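Following my numbering, the numbering of the sequence shown begins with 2 at its first residue and continues without gaps.
Derived by calculation from the structure, the hints in this document are not laboratory data.
Heads up, a few of these hints could be off.
Unchecked claim - Using C-beta positions, here's what the derived DEER-type ranges look like: (1) 239 <-> 394: 40 to 50 Å; (2) 276 <-> 307: 36 to 46 Å; (3) 42 <-> 415: 37 to 47 Å; (4) 88 <-> 373: 50 to 60 Å.
Claimed, not checked - Lysine to any residue pairs mimicking SDA-like chemistry, simulated, CA-CA at most 25 Å apart: (5) 266 <-> 71; (6) 391 <-> 331; (7) 200 <-> 71.
Treat the numbers as computed from the prediction; the structure is a model and nothing was measured.
Positions of the beta carbon are idealized from the N, C-alpha and C atoms, including for glycine.
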Amino acid sequence: MNAALALSLAILFLLGVPIAVAIGLASVIGIEVQGRLPLLLVAQRMFTGIDSFPLMAIPLFILAGNLMSAGGISHRLVELAKSVVGGIQGGLAASCVLTCMMFASVSGSSVATTFAIGAILIPAMVRHGYPAPLAASVQASSAELGVLIPPSIPLILYGVSTDTSIGQLFLAGIGPGLLVAGALMALVLVLCRARGLGKQDGDDRQRFGSALRAALPALVVPVVIIGGIYSGIFTPTEASAAAVAVALVVGMGVYRELRIADLPKVLKQTVVSTSAIMLIIAAAALFSFLITRSGLPNDIAAWFQGMFESRIAFLLVVNLMLLIVGMFIETSAAILVLAPILAPIAVAYGVDPVHFGLIVVVNLALGMITPPLGVNLFAACAVAGLPVEKIIPQLLWFVLTVLAALMVITYVPAITLWPVDLLMGAG
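Just need the whole structure built from these sequences, with the hints factored in.
Pasting the structure below:
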């Protein structure tokens, strides 16, 4: 059955079949080849895969992000970031990184971050003399923070698929998110200084006080999410519902840019995004069940332990594998298929499951900006109106920078685990 699953999945991917359909159809083929399992299992396992209380957080966080985008948050966060770093050379590019970090704390999605922030800052950078390929590269790489900074949809998926605490994963994402953001900010400042770009970036920025006052209601959302979870007031799923409530109040009652007439469009966007993810989750649940039943995870674990004695070598090989997978397979599908297989092996090597979750997500986030199928890459190109091949030379610097940060995250677990140890007493 393993051969049938692998071969059919590879063929379907090569044919360009949508991810959810490819995984589901490969699973059905595997069941038919095996011959001893009823097809009723397909419906049972797919339903069981999405019948989960923690997964309810996904549509609610997506809805909260869409409400905040429609309610005027993007512009105010951009102005706040420009007021902080816009006065230095290259400050506009640095403010793109900072804005994406702040927007990530309410959206949980890197693609949403690209469209919401890129639509404002890519044209602004071009007006200030930045080459369009560089502006798009800054935005594409900065939007990766959308899957690192909590609330992160990939972290929710990893937690559900490996039975790891989502609250601990959210906390653990803070350190890597700040590290990647700091590395990207340092890179853009160095590039701007070396190329003589961004010398007038601060000409049109607001004063910090007025920008902060305007953005303060928007910043309440991440405070509600993070503060509520770690104070024990509510679970991550309940936090997602609270985020929706706060987003409605801020958008309709404070900024007054979100109207009742806008809600059908916002809800439609949420349903489309959620449906795509849930279909992948359902199909991956069936696929993972078949893989586990076949004993493949045990075979893979035995192979790893026979080939690589040290944890360092194991993590290096896993990083390489995940980087390649992330270039070709959608992040949600990759997590749901690979995490249940790799996480137990990582634990056997002495890797903390929370730490390993961040390694997985950072790897796959890097795949979002690499050809041939990087979704952030294509989103940034769409916003900038550029073909992909135009920005790849500029993007290389950002890929190498995130790769260096990934190595630090991989081999210095304290960066990931210190907030978990501090606030939740995890060992």
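_Verdict for residue 42, residue 415 (Cβ pair) under range 37 to 47 Å_ = With a Cβ separation near 44 Å, residue 42 and residue 415 satisfy 37 to 47 Å, so the hint holds.
*Range agreement (Cβ of residue 307 with Cβ of residue 276, hint 36 to 46 Å)*: 42 Å, holds
*Cβ separation of residue 88 and residue 373, checked against the hinted range 50 to 60 Å*: This hint is violated: roughly 39 Å between Cβ atoms.
_So if I understand the rule, the pair passes when the alpha-carbon distance is 25 Å or less; does residue 200 with residue 71 pass?_
Cα-Cα ~32 Å, so violated.
*Indicate whether the distance between the beta carbons of residue 239 and residue 394 respects the range 40 to 50 Å.*
Roughly 46 Å apart at Cβ, these two residues keep to the hinted range, so it holds.
_Can you confirm whether the C-alpha distance between residue 391 and residue 331 stays at or below 25 Å?_
23 Å, holds
*Pair hint outcome, residue 266 versus residue 71 [Cα-Cα no greater than 25 Å]*: It holds: about 10 Å lies between the C-alpha atoms, which stays within 25 Å.
Checked against the numbered hints listed earlier, the structure breaks hints 4 and 7; every other hint is satisfied.
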